[in-house]
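These are the residues of each chain, in order.
Number of protein chains: 2
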Amino acid sequence: MKRYAIGIDVGGTNTKFGVVDSDGNILTQDRILTNSDAPVEQFIKTLSLKLKPMIDHYGGVENFVGIGMGAPNANYYKGTIEYAANLKEWKGVIPMADLMEKEFGITTRLTNDANAAAVGEMMYGVTKGMKHFITITLGTGVGSGIVIDGKIVLGCDGFAGELGHVTVRKGGRLHKGTGMRGTLETYASATGVRETVLEFLRENPNEPSLLRAFKEDEITSEVVYNCAVKGDAIAIRTFEFTGQILGEALAAFVLFSSPEAIVLFGGLTKASDLLLKPTRQAMEDNILTSFKGKVKLLVSTLKEADAAILGASALVW
Amino acid sequence: MKRYAIGIDVGGTNTKFGVVDSDGNILTQDRILTNSDAPVEQFIKTLSLKLKPMIDHYGGVENFVGIGMGAPNANYYKGTIEYAANLKEWKGVIPMADLMEKEFGITTRLTNDANAAAVGEMMYGVTKGMKHFITITLGTGVGSGIVIDGKIVLGCDGFAGELGHVTVRKGGRLHKGTGMRGTLETYASATGVRETVLEFLRENPNEPSLLRAFKEDEITSEVVYNCAVKGDAIAIRTFEFTGQILGEALAAFVLFSSPEAIVLFGGLTKASDLLLKPTRQAMEDNILTSFKGKVKLLVSTLKEADAAILGASALVW
Chain U
452 MKRYAIGIDV GGTNTKFGVV DSDGNILTQD RILTNSDAPV EQFIKTLSLK LKPMIDHYGG
512 VENFVGIGMG APNANYYKGT IEYAANLKEW KGVIPMADLM EKEFGITTRL TNDANAAAVG
572 EMMYGVTKGM KHFITITLGT GVGSGIVIDG KIVLGCDGFA GELGHVTVRK GGRLHKGTGM
632 RGTLETYASA TGVRETVLEF LRENPNEPSL LRAFKEDEIT SEVVYNCAVK GDAIAIRTFE
692 FTGQILGEAL AAFVLFSSPE AIVLFGGLTK ASDLLLKPTR QAMEDNILTS FKGKVKLLVS
752 TLKEADAAIL GASALVW
Chain A
452 MKRYAIGIDV GGTNTKFGVV DSDGNILTQD RILTNSDAPV EQFIKTLSLK LKPMIDHYGG
512 VENFVGIGMG APNANYYKGT IEYAANLKEW KGVIPMADLM EKEFGITTRL TNDANAAAVG
572 EMMYGVTKGM KHFITITLGT GVGSGIVIDG KIVLGCDGFA GELGHVTVRK GGRLHKGTGM
632 RGTLETYASA TGVRETVLEF LRENPNEPSL LRAFKEDEIT SEVVYNCAVK GDAIAIRTFE
692 FTGQILGEAL AAFVLFSSPE AIVLFGGLTK ASDLLLKPTR QAMEDNILTS FKGKVKLLVS
752 TLKEADAAIL GASALVW
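Residue numbers (the working numbering), protein chains in the order written: chain U, 452 to 768; chain A, 452 to 768.
Calculated from the structure, these hints are not laboratory results.
Be careful, since some hints might not be right.
Copies of one chain are not kept apart here, so a pair can be met inside one copy or by any two copies together.
As the list claims (entries may be wrong) - Quick list of in silico lysine-lysine cross-link-like pairs, BS3-like style, CA-CA up to 25 Å:
1. K542 to K745
2. K721 to K681
3. K745 to K621
4. K542 to K743
5. K747 to K666
6. K627 to K745
7. K496 to K728
8. K529 to K747
9. K539 to K743
10. K503 to K553
11. K602 to K745
12. K539 to K627
13. K529 to K745
14. K582 to K743
15. K681 to K666
16. K529 to K743
17. K621 to K747
18. K579 to K602
Model the full assembly from the supplied sequences, consistent with the hints where possible.
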């Protein structure tokens, strides 16, 4: 009897994976560097070194119903990763499901990493039982998973839900990966927060700020948060600005699918009300009266790695 | 045996209705003024005077499977019209399905007018057989119907697909009905085209234009089209500007649900390539490489009234 699934979350930096039982317990987990500077075959080998012992420990291949994998630009229909801007040397179309099946001898299903997180949230998180919601991951980039009628929206080709690449400021910041300008990801990500604060520091050279004690390359979204908590005006304005843009974008998403909730994930959510208050305000300001006050803005309570591993594993149950 | 359905399309100005057979033939149709200046009971009475004889002609109530009705701000789940900005005296929540059933003795189902048109398009129009598409109605206002996996997206409360109210120009034109600023409807509608051309005429007082021969209240989107066809620069720029904004908005919708096609409906589509070319260009400019050149931009080939009547009737089959 097949009692276990493997969930794998491929990120731009780390790949997290674990063995999950049918009740959604992660029995064991580990991580490797994704290292997409090297060819994908190298990645499979490194993963194999850690994953095969796990499989053996839980009784071998015959005990596993499948491998579920969340990855950037993954195509559920084809089992491929296609033109992923953040996976440097994994160029063009990577037949990831085939490569995995060949290595492990276990059926493998792929989906977009943000979709996997949304599934994890729906099965085990704050949207348990909800049929209409959108998850937005605010990490290095901005990912999204859209759930309508209890199902992930994949679109005609498996690439739906690329909300991080919606243009929110016409002619705005250049996104180096996509070549597009003013997209949500260039503002409402950890990278975006860093860029915003550097802009604010440059534009207001005479305004004192705790941030001036840091070298430019030391300034991360976490440093900005720490300064904002201490009352630093530039740091606080940075989160207000980020929340304003994020909230405007969320308003458009609400008008699209009328979700019961929007769930925020990822590093930036640690900023809590510094980010959430302006986000909520801007969202409410940009929706029709009939929607106002109705859409819940939630922060995921699952550990990020857990949501992604659980969500990915849910692909194969 | 119940062989017929009634399809009704309630618009801001006219209400069109007809008897439809199960093959999608409109056997007879007529229209009345919606006249929402008067109470909704008056509307039901006026409709009844024309619709009851039709029902009798086709063998009476027992021959009808139901009444399907498309209307602005209609709620499929509740059978109500709620806070419709364009239906003046029909304030608050109108229990339209109940009122209709009481008057006609036939089961009645309601949906958003744009959703009804999308269903008509899916069953009988250019998207016949498609499972992922979005319809955008460019009329007095801007309506939308979103189809994912062959089903209309209703959202958690029946109000999904309000794409005409997405903000496209922060702090832009005031929408008198909603109080919102810079929404798609204030630009990409017949009303919006009129406003744009009046702005362009005012801003360029020394530029000659055929439009200056018209009084301000004579200038409609049709007049602008006629002048554009004759090569009038201001009229042509008006459609370019409209298409630019519409295309940017469509790009965001594409990133959301990755549709196979976007279908444009309604009066403005008569402008054909004057509007479609800049729309397509702006859409392509604002999507990820992986989407470029893939999404079909189509114009509905159904007569507008037919699509809405057919789509509404399809609610009850």
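Going down the list of hints, with the structure as the test:
Proximity of K542 to K745 under the C-alpha cut-off of 25 Å is restricted to the inter-copy arrangement: shortest distance 20 Å between copies versus 43 Å within a copy. Taking the shortest alpha-carbon separations for K721 and K681, only the intra-copy value of 15 Å comes in at or below 25 Å, while the best inter-copy value is 59 Å. In this homomeric assembly, K745 and K621 come within 25 Å of each other (Cα to Cα) only across copies, at 23 Å, whereas the closest approach inside a single copy is 29 Å. Taking identical chains as interchangeable, the C-alpha atoms of K542 and K743 lie at most 25 Å apart only when they sit on different chains, with a minimum of 18 Å there against 43 Å within one chain.
In the homo-oligomer, the alpha carbons of K747 and K666 never lie at most 25 Å apart, since the shortest distance is 38 Å inside one protomer and 49 Å across protomers. Taking the closest pair of Cα atoms, K627 and K745 come within 25 Å of each other only across two copies (23 Å); inside a single copy the shortest separation is 36 Å, beyond that limit. When the C-alpha separation of K496 and K728 is checked against a cutoff of 25 Å, the pair qualifies neither within a copy, at 45 Å, nor between copies, at 49 Å. Taking the shortest Cα distances, K529 and K747 sit within 25 Å of each other only across copies (22 Å), while inside one copy they are farther apart (34 Å).
Taking CA atoms no more than 25 Å apart as the test, K539 paired with K743 passes between copies only; the shortest distance there is 21 Å, against 42 Å inside one copy. When the C-alpha separation of K503 and K553 is checked against a cutoff of 25 Å, the pair qualifies only within one copy, where the shortest distance is 13 Å, while the shortest distance between copies is 68 Å. Proximity of K602 to K745 under the C-alpha cut-off of 25 Å is found in both arrangements, the shortest distances being 21 Å within a copy and 24 Å between copies. Taking the shortest alpha-carbon separations for K539 and K627, only the intra-copy value of 12 Å comes in at or below 25 Å, while the best inter-copy value is 49 Å.
Proximity of K529 and K745 under a CA criterion of 25 Å is satisfied inter-copy only: 17 Å between copies versus 37 Å inside one chain copy. For a Cα distance limit of 25 Å, the shortest separation of K582 from K743 inside one copy, 20 Å, qualifies, whereas the shortest one across copies, 31 Å, does not. Taking identical chains as interchangeable, the C-alpha atoms of K681 and K666 lie at most 25 Å apart only when both belong to the same chain, with a minimum of 19 Å there against 61 Å between chains. For the identical chains of this complex, K529 and K743 are inter-copy neighbours only, at 19 Å across copies versus 39 Å inside a copy, given an alpha-carbon limit of 25 Å.
In the homo-oligomer, the alpha carbons of K621 and K747 lie at most 25 Å apart only across protomers (24 Å), although the nearest pairing inside one protomer, at 28 Å, exceeds that limit. Proximity of K579 to K602 under the C-alpha cut-off of 25 Å is found in both arrangements, the shortest distances being 13 Å within a copy and 23 Å between copies.
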